[in-house]
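K.L.:
Position chain B relative to chain A; hints supplied.
From first to last, the protein sequence lines stand for chains A and B.
Residue 205 in the numbering used here sits at position 205 of the first sequence; the count goes up by one each step and never skips.
Residue 55 in the numbering used here sits at position 55 of the second sequence; the count goes up by one each step and never skips.
If you're looking for bench data, these hints aren't it; they were derived computationally from the structure.
Quantities reported herein were computed from a predicted structural model and do not represent experimental measurements.
There's no promise every hint is true.
Copies of the same chain are indistinguishable here, so a pair counts whether it falls within one copy or spans any two.
To be verified - Below, a list of computed lysine to aspartate or glutamate pairs in the DMTMM-like style, where the Cα atoms sit at most 25 Å apart:
#1 Lys-177 / Glu-126
#2 Lys-177 / Asp-323
#3 Lys-177 / Glu-254
#4 Lys-177 / Asp-236
Protein chains: 2
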Amino acid sequence: MDLDLASDSAELTASLVDTESVSGTEAALAAAIERALRGLPHLSVHRDGNALVARTTRGRPERVILAGHIDTVPVAGNLPSRREDGMLYGCGTCDMKSGVAVALRLAARLTAPRPDVTYVFYDCEEVEAERNGLLRLSRNSPELLRGDLAVLMEPTGGVIEGGCQGTMRAEVTVHGKRAHSARSWMGQNAIHGAGEILDLLRRYQPREPVVDGLTYHEGLNAVGISGGVAGNVIPDECVVQVNYRFAPDRSEAEAAAHVREVFAGYQVTITDSAPGARPGLDHPAAAALLAAVPGAPRAKFGWTDVARFSLLGMPALNYGPGDPMLAHSPDEHVPVAQIAEIEATLQTWLG
Amino acid sequence: MDLDLASDSAELTASLVDTESVSGTEAALAAAIERALRGLPHLSVHRDGNALVARTTRGRPERVILAGHIDTVPVAGNLPSRREDGMLYGCGTCDMKSGVAVALRLAARLTAPRPDVTYVFYDCEEVEAERNGLLRLSRNSPELLRGDLAVLMEPTGGVIEGGCQGTMRAEVTVHGKRAHSARSWMGQNAIHGAGEILDLLRRYQPREPVVDGLTYHEGLNAVGISGGVAGNVIPDECVVQVNYRFAPDRSEAEAAAHVREVFAGYQVTITDSAPGARPGLDHPAAAALLAAVPGAPRAKFGWTDVARFSLLGMPALNYGPGDPMLAHSPDEHVPVAQIAEIEATLQTWLG
Numbered sequence: 001m002d003l004d005l006a007s008d009s010a011e012l013t014a015s016l017v018d019t020e021s022v023s024g025t026e027a028a029l030a031a032a033i034e035r036a037l038r039g040l041p042h043l044s045v046h047r048d049g050n051a052l053v054a055r056t057t058r059g060r061p062e063r064v065i066l067a068g069h070i071d072t073v074p075v076a077g078n079l080p081s082r083r084e085d086g087m088l089y090g091c092g093t094c095d096m097k098s099g100v101a102v103a104l105r106l107a108a109r110l111t112a113p114r115p116d117v118t119y120v121f122y123d124c125e126e127v128e129a130e131r132n133g134l135l136r137l138s139r140n141s142p143e144l145l146r147g148d149l150a151v152l153m154e155p156t157g158g159v160i161e162g163g164c165q166g167t168m169r170a171e172v173t174v175h176g177k178r179a180h181s182a183r184s185w186m187g188q189n190a191i192h193g194a195g196e197i198l199d200l201l202r203r204y205q206p207r208e209p210v211v212d213g214l215t216y217h218e219g220l221n222a223v224g225i226s227g228g229v230a231g232n233v234i235p236d237e238c239v240v241q242v243n244y245r246f247a248p249d250r251s252e253a254e255a256a257a258h259v260r261e262v263f264a265g266y267q268v269t270i271t272d273s274a275p276g277a278r279p280g281l282d283h284p285a286a287a288a289l290l291a292a293v294p295g296a297p298r299a300k301f302g303w304t305d306v307a308r309f310s311l312l313g314m315p316a317l318n319y320g321p322g323d324p325m326l327a328h329s330p331d332e333h334v335p336v337a338q339i340a341e342i343e344a345t346l347q348t349w350l351g
Numbered sequence: 001m002d003l004d005l006a007s008d009s010a011e012l013t014a015s016l017v018d019t020e021s022v023s024g025t026e027a028a029l030a031a032a033i034e035r036a037l038r039g040l041p042h043l044s045v046h047r048d049g050n051a052l053v054a055r056t057t058r059g060r061p062e063r064v065i066l067a068g069h070i071d072t073v074p075v076a077g078n079l080p081s082r083r084e085d086g087m088l089y090g091c092g093t094c095d096m097k098s099g100v101a102v103a104l105r106l107a108a109r110l111t112a113p114r115p116d117v118t119y120v121f122y123d124c125e126e127v128e129a130e131r132n133g134l135l136r137l138s139r140n141s142p143e144l145l146r147g148d149l150a151v152l153m154e155p156t157g158g159v160i161e162g163g164c165q166g167t168m169r170a171e172v173t174v175h176g177k178r179a180h181s182a183r184s185w186m187g188q189n190a191i192h193g194a195g196e197i198l199d200l201l202r203r204y205q206p207r208e209p210v211v212d213g214l215t216y217h218e219g220l221n222a223v224g225i226s227g228g229v230a231g232n233v234i235p236d237e238c239v240v241q242v243n244y245r246f247a248p249d250r251s252e253a254e255a256a257a258h259v260r261e262v263f264a265g266y267q268v269t270i271t272d273s274a275p276g277a278r279p280g281l282d283h284p285a286a287a288a289l290l291a292a293v294p295g296a297p298r299a300k301f302g303w304t305d306v307a308r309f310s311l312l313g314m315p316a317l318n319y320g321p322g323d324p325m326l327a328h329s330p331d332e333h334v335p336v337a338q339i340a341e342i343e344a345t346l347q348t349w350l351g
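Okay, chain A solo, but in the shape it has when bound:
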């Protein structure tokens, strides 16, 4: 399969969508993207597994990164793509092959952009963090990811969504004493004890802090609970799995301290976490883009890979075609006109 970067952005999106690339099986799509990029003499191209980095090297004082993942969640009977009433339907149309199509089109057409541009196409975003292609690139070749501002083309409905909230999972464990349930007063019921954990969660008042002008909205929630030994046993352990989504004015260490404070007196085990990213909209490099995009920017609540750019020391924002609420749904689709609009806005900004 060869990609035609001269075809319009919706047709190119359809070509990308119809080349299946569920996480872990991106090789064919990565090869097609590599062939297309290597045909562009103004770009220097680097491949790392199924990830590609293509860079202009005109010595501009400023460098912008456009990034997108090329993998999708499992196909759900929604391939091949189809076009209907101005929409393109299919697995990955929204999350996020329309964004990848826009970046590829710009890579082909912007032979001499105003800032230097680095295009990043990577694998395994939809699976566990350790397999993430952007993480791998940031470890293997951090110099290729340096820049002044990163734009992650995840679906935002064509609005700028600044930064992202961090996420942390922890297990809060309640201990009790096992006994036969016919003599329950001989034991101490750990599931009943977990009632206090749930009371704490129900009473919890999440913060809604303003960070760099955007209002975030935190949340602390049980996402799992388990306990029980057998139908005739008073259980001696109950584990509540909680998920804390924290605004980017808090570090991971501060978030962990907060979780431990909320559940003081209980055994708390942090099982995984990822930092947030400040929106960075006050950065000079962002100003021209903010001016070009219609609509007020808003905070990004969900965690995205902008946090990885943030860890590399540069501001990052989310901006791409498609409704983020449709991501991962079998009914996934994207408005054709929105793909073209975003391409035009970015071309004006970078051109």
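P.N.:
Then chain B, alone, in the frame of chain A:
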């Protein structure tokens, strides 16, 4: 293996224990018991699968049933049996081959007992109710189980434990609305909702009613809880499994109504239940036994097969050697002297 019913009660217990009979594998032990019983001309013997019923038929005005199960929980490195410091250790010593040994000894020696006696040895008590040999007998040959009083020789430490409490399990389900945990306010957390269920359980005041002179002690407890979809999803369902242990002054229907009342407003599904049994110590047939056994009778909290005799219309009590708290433990053991004491008490009562 041949059983020597003339050997003393501890030696006979050891022979029974050393013939492994984990639930479902009782055939060899049942065959040995059958051979021993068929050698006794004063008994009429009936076999049903791995259960045996042996009856004196002297036309006495009163008939007493002595019953015990011959299966054990899985062996836990505690075979063969061993004797140490006046104790007999091993799988089934306490629950309940020492009781079975006493019944077999009495079956051999009481050639002309005061009341007629029915000895019942049955299989599969330690597994799901549908496989229980006493249940099967009560369906296939209820006439063989008729009597005025049943003594179930489960371990009671040599004290009479009257009747038993009923047990009922129910699932209480809380519904919510699924959402991404980064936007938790879009959903309704079913695990948080289960906090109210746990509050109800923590506030619950169990009854301690006096029934036929014995004080029971109820309990309503969570024995399981589960909920959660994924680490980034607000869960839309949480299920609390509760176990209600109810005194024998309540029927199963009354117990179910009580559970539904406690959790009014929630989806309640009764998943299984078994009725209790009134102690029946006021029955004339019990009076002489009560007089013969040292120590005050007490209520039985755990469910036992006395409830099956109760359903057949006769009072039933628990009386046997061994500490019931040791049942099912790898360290299971029984005091040798207690086996002999109980045999002597029953022989005096029935002889």
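K.L.:
To test your reading of the hints: which numbers does this structure violate?
P.N.:
As far as the earlier hints go, only 3 is violated by this structure.
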